[in-house]
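Asker: If you read the sequences in order, they're chains W and D.
Per this note's numbering: the first sequence = residues 1 to 455.
Per this note's numbering: the second sequence = residues 456 to 777.
Don't read these hints as lab results, they were simulated from the structure.
Here the structure is a predicted model, which is why all the values come from computation and not from measurement.
The beta carbon of each residue, even a glycine, is placed where N, CA and C say it ideally should be.
Misleading hints may appear alongside valid ones.
[What the hints assert, rightly or not] Going by beta-carbon spacing under 10 Å, a handful of chain W positions derived as facing chain D:
1. G121
2. S278
3. V421
[As the list claims (entries may be wrong)] Quick list of in silico lysine to aspartate or glutamate cross-link-like pairs, EDC-like style, CA-CA up to 20 Å:
4. K390/W with D266/W
5. K270/W with E739/D
6. K141/W with D314/W
7. K80/W with D125/W
8. K270/W with E355/W
9. K245/W with E450/W
10. K531/D with E450/W
11. K293/W with D608/D
12. K270/W with E629/D
13. K245/W with D49/W
14. K293/W with D314/W
15. K245/W with D125/W
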Amino acid sequence: MTPVNRAAISSTMLGKPFGRRSLLRSAAALTAASLAPWAAGCASDDDDDALTFFFAANPDEAKARMHVVDEFRRRHPDIKVRPVLSGPGVMQQLSTFCAGGRCPDVLMGWELTYAELAARGVLLDLNTLLAQDKAFAAELKSESIGSLYDTFTYNGGQYALPEQWAGNYLFYNKQLFAEAGVPPPPTTWEQPWTFAQFQDAATALTHRSGSGRAMQWGFVNTWWSYYSAGLFAMNNGVPWSTPLKNPTHLNFDDDAFIEAVQFYADLSNKYRVAPNASEVQSMSTADLFAVGKAAIALGGHWRYQTFIRAQGLDFDVTCMPVGPSLPKGHAALSNIGSTGLAISASSQRKEQAWEFVKFATGPIGQAIIGESCLFVPVLRSALNSDGFAKAHQRIRNLAVLTTGPAHSEGLPVTPAWEKVVALMDREFGPVLRGSRPATSLTGLSHEVDEVLRAP
Amino acid sequence: MTSVDTPAAASPVSARRARGSKGKGPSRRRARSGRLFIAPNLAAVTVFMVFPLGFSLYMSFQQWDVFNPPKFLGLKNFEQLFTSDPLFLIAIRNTLIFTIGTVLPTVLISLVVAGVLNRKIKGIGIFRTIVFLPLAISSVVMAVVWQFVFNTDNGLLNIMLGWIGVGPIPWLVEPRWAMISLCMVSVWRSVPFATVILLAAMQGVPETVYEAAKVDGAGHIRQFVSITVPLIRGALSFVTVISVIHAFQAFDLVYVLNGANGGPETATYVLGIMLFQHAFSFLEFGYASALAWVMFAILLVLTVLQLRITRERSWEASRGLS
Chain W
1 MTPVNRAAIS
11 STMLGKPFGR
21 RSLLRSAAAL
31 TAASLAPWAA
41 GCASDDDDDA
51 LTFFFAANPD
61 EAKARMHVVD
71 EFRRRHPDIK
81 VRPVLSGPGV
91 MQQLSTFCAG
101 GRCPDVLMGW
111 ELTYAELAAR
121 GVLLDLNTLL
131 AQDKAFAAEL
141 KSESIGSLYD
151 TFTYNGGQYA
161 LPEQWAGNYL
171 FYNKQLFAEA
181 GVPPPPTTWE
191 QPWTFAQFQD
201 AATALTHRSG
211 SGRAMQWGFV
221 NTWWSYYSAG
231 LFAMNNGVPW
241 STPLKNPTHL
251 NFDDDAFIEA
261 VQFYADLSNK
271 YRVAPNASEV
281 QSMSTADLFA
291 VGKAAIALGG
301 HWRYQTFIRA
311 QGLDFDVTCM
321 PVGPSLPKGH
331 AALSNIGSTG
341 LAISASSQRK
351 EQAWEFVKFA
361 TGPIGQAIIG
371 ESCLFVPVLR
381 SALNSDGFAK
391 AHQRIRNLAV
401 LTTGPAHSEG
411 LPVTPAWEKV
421 VALMDREFGP
431 VLRGSRPATS
441 LTGLSHEVDE
451 VLRAP
Chain D
456 MTSVDTPAAA
466 SPVSARRARG
476 SKGKGPSRRR
486 ARSGRLFIAP
496 NLAAVTVFMV
506 FPLGFSLYMS
516 FQQWDVFNPP
526 KFLGLKNFEQ
536 LFTSDPLFLI
546 AIRNTLIFTI
556 GTVLPTVLIS
566 LVVAGVLNRK
576 IKGIGIFRTI
586 VFLPLAISSV
596 VMAVVWQFVF
606 NTDNGLLNIM
616 LGWIGVGPIP
626 WLVEPRWAMI
636 SLCMVSVWRS
646 VPFATVILLA
656 AMQGVPETVY
666 EAAKVDGAGH
676 IRQFVSITVP
686 LIRGALSFVT
696 VISVIHAFQA
706 FDLVYVLNGA
716 NGGPETATYV
726 LGIMLFQHAF
736 SFLEFGYASA
746 LAWVMFAILL
756 VLTVLQLRIT
766 RERSWEASRG
776 LS
């Protein structure tokens with residue numbers, strides 16, 4: 001028995017109340033002592049001088065972004081950068097940070113959701129900084145692709161600078177096409193194929209067993225299904241809305257939009273060339289393409305690395321098909337889907353943040369992005385660079401990627417987008433499952449218009 | 456009584472000293488120690504419960520998006536909720552269906568399971584452990600596992616139904632099946648807890664009552680219905696109230712099993728999902744707070760009603776017995 005224990009016991013035996021008090025004091029002292037190094041540890045981890053960079057990425061993407069951060073650190077040793085990787089639920093995490101008074105200095109903005117932050121005054125209007133940095137502004141203007149740069153222009157302000165293009169296109173399995181005797185699809189956006197040609201190819205590439213079970217699918221979608229349906233509608237001559245910024249009406253009730261969505265839904269439910277809602281529950285559509293069980297896959301460049309890692313997969317990329325309502329001779333379209341870098345309006349390190357944004361969205365940062373195999377850069381110099389071509393040696397139709405950003409159109413930019421998505425999720429479901437015709441989207445159009453009028 | 460208490464309580468000298476020092480005596484010191492002991496818990500309750508409660512009540516009268524200062528709206532959030540939000544009615548309807556679909560089967564199944572586990576059979580401990588296992592699994596893990604089970608093409612449930620000739624059921628794909636699937640998982644999660652409570656109550660029923668019933672010729676089922684169930688009414692009432700509260704607060708299970716929007720369509724759009732969506736997707740924290748207080752009010756009314764009914768019944772029962 002230790003002397004301390006003995007003393008405690010003897011004081012209790014003697015009936016002295018001080019024993020308990022001493023015990024309490026000791027407990028308090030012990031607690032304080034144990035907490036002190038922990039608190040100190042927290043303080044040391046928390047580098048208050050550093051510029052915080054908030055972004056969302058999967059592990060591969062995080063590595064590529066860290067290359068940009070590391071290169072920036074190397075070139076700007078005086079600026080400390082603390083990367084903050086978001087978990088799932090970006091807006092939830094961001095709002096929690098900002099509510100706690102620790103809004104990140106530089107934050108990733110998404111084409112569809114940045115307006116929600118810009119409208120609330122969270123993001124800094126970068127025009128003020130661009131006006132002071134005329135040389136960079138001029139370089140950016142000449143190097144940028146107009147539609148991508150303008151995506152982040154909202155209510156007269158420039159709230160982010162684009163850093164990568166994440167539009168969607170089609171991957172196709174060259175070997176499966178050759179085996180089925182289907183001619184290879186187009187090589188550029190300017191000479192697209194039609195919905196009918198696409199359907200014929202998908203039908204010829206779908207194989208079923210004697211029991212009717214699909215052994216190989218003609219087409220799989222690896223993106224959000226309602227956005228993919230909307231992309232088919234864009235290629236049928238209907239933009240999501242006119243204008244794209246602060247729209248008061250979305251074109252879900254347009255006949256050509258309905259026609260394209262119906263065509264997309266029919267691929268699964270009527271023509272049976274794509275897996276339906278039940279079938280995609282049990283399998284990853286990207287994996288189906290990677291293992292050669294699907295001939296065409298709709299997706300963005302973030303799938304590229306998954307597919308080049310797949311053993312024995314010989315693939316290339318092609319453009320979207322165009323519908324009958326798109327004017328003749330019109331090129332096929334992709335969506336913009338870009339992320340950009342924004343600066344928090346409450347940042348205490350605006351100058352350092354601006355240096356970082358300039359670096360990541362400028363020629364050097366974009367060159368690193370282009371060589372990563374993970375992203376398509378947004379500056380012309382990086383798009384047409386040897387580094388980008390070298391990172392994509394596996395594909396022949398490189399023009400689909402290098403001219404993709406220029407053939408992209410945006411989705412609506414409104415602070416009410418989260419509410420619109422919730423409505424879309426509800427109303428597109430039955431149409432894409434085949435339990436309601438696409439004409440029912442007229443009802444969705446009215447609901448969305450109400451939300452847009454009173455967000 | 457501890458050796459510390461003894462001198463203060465027993466010795467008249469100590470008592471006089473305590474009175475003379477005007478409160479500096481051992482009893483006052485004991486009270487202070489007591490306060491010190493509960494202080495950490497009290498602080499935690501204040502910081503993590505009382506403050507958020509008060510804050511959310513304050514926020515329910517404001518418009519607040521976290522980024523900008525709150526703006527006072529008065530009762531506008533509540534007005535909008537009751538008069539112009541069509542999804543509120545859908546969420547109420549779904550929550551009621553989910554509550555009934557969860558609480559009724561939970562109580563009935565746990566009664567039967569507790570009744571079976573209460574029997575004195577060899578190796579009953581193993582069965583008890585198996586039944587209580589789901590209690591140790593987190594809701595999110597449970598929902599992920601059940602997603603595999605509910606898979607339309609390759610799910611365990613449809614494979615097993617296939618053995619008896621039932622075609623594949625689109626458990627999580629079709630709206631009408633989605634709510635049934637959710638209730639099934641919720642019942643699976645709730646039964647162990649309810650069983651623990653009911654089994655404990657059953658073990659408190661005196662053996663002599665059963666012996667008397669046996670003498671009167673009552674069978675097992677008659678004993679269960681006429682003796683066990685009436686005598687564990689308190690525990691049954693507790694289990695019902697807790698299950699109703701849990702069902703009303705359902706969020707994690709729905710979020711993982713049916714998605715962040717309570718789909719497909721609005722099939723599983725319950726109040727918990729609506730609250731989370733408004734707070735963290737739409738950044739309408741004021742509106743979400745108002746909804747939280749409406750949920751609290753509904754639960755309070757339901758619980759008070761339920762307790763009053765139970766009390767009246769037990770009073771009638773005791774009068775009938777006397």
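Asker: Under 10 Å is the threshold here; is the Cβ of V421/W close enough to any Cβ of chain D for the hint to stand?
Answerer: holds, 8 Å
Asker: Would you mind confirming whether the straight-line C-alpha gap from K141/W to D314/W stays at or under 20 Å?
Answerer: Status violated; Cα separation ~38 Å.
Asker: Would you check whether G121/W satisfies its interface hint, that is, whether its CB is within less than 10 Å of any CB in chain D?
Answerer: holds, 7 Å
Asker: Need the status of pair K245/W, D49/W: alpha-carbon distance at most 20 Å?
Answerer: violated, 37 Å
Asker: Against the 20 Å threshold, does the CA-CA distance of K245/W and D125/W hold or violate the hint?
Answerer: holds, 16 Å
Asker: Verify the proposed pairing of K390/W with D266/W, using a straight-line Cα cut of 20 Å.
Answerer: Given that 20 Å is the threshold and the Cα spacing comes to 39 Å, the pair is violated.
Asker: With the threshold set at 20 Å, check whether the alpha-carbon distance from K270/W to E629/D stays at or below it.
Answerer: holds, 18 Å
Asker: Holds or violated: K80/W with D125/W, Cα cutoff 20 Å?
Answerer: violated, 23 Å
Asker: Please verify whether K531/D and E450/W have alpha carbons no more than 20 Å apart.
Answerer: holds, 19 Å
Asker: Holds or violated: are the alpha carbons of K270/W and E739/D at most 20 Å from each other?
Answerer: violated, 41 Å
Asker: For the pair supplied as a hint, K293/W and D314/W, confirm whether the alpha-carbon distance does not exceed 20 Å.
Answerer: Holds, at roughly 13 Å.
Asker: Check whether the Cα positions of K270/W and E355/W lie no farther apart than 20 Å.
Answerer: Distance of about 54 Å is beyond 20 Å: violated.
The structure does not agree with the numbered hints 4, 5, 6, 7, 8 and 13 stated previously, though it agrees with the rest.
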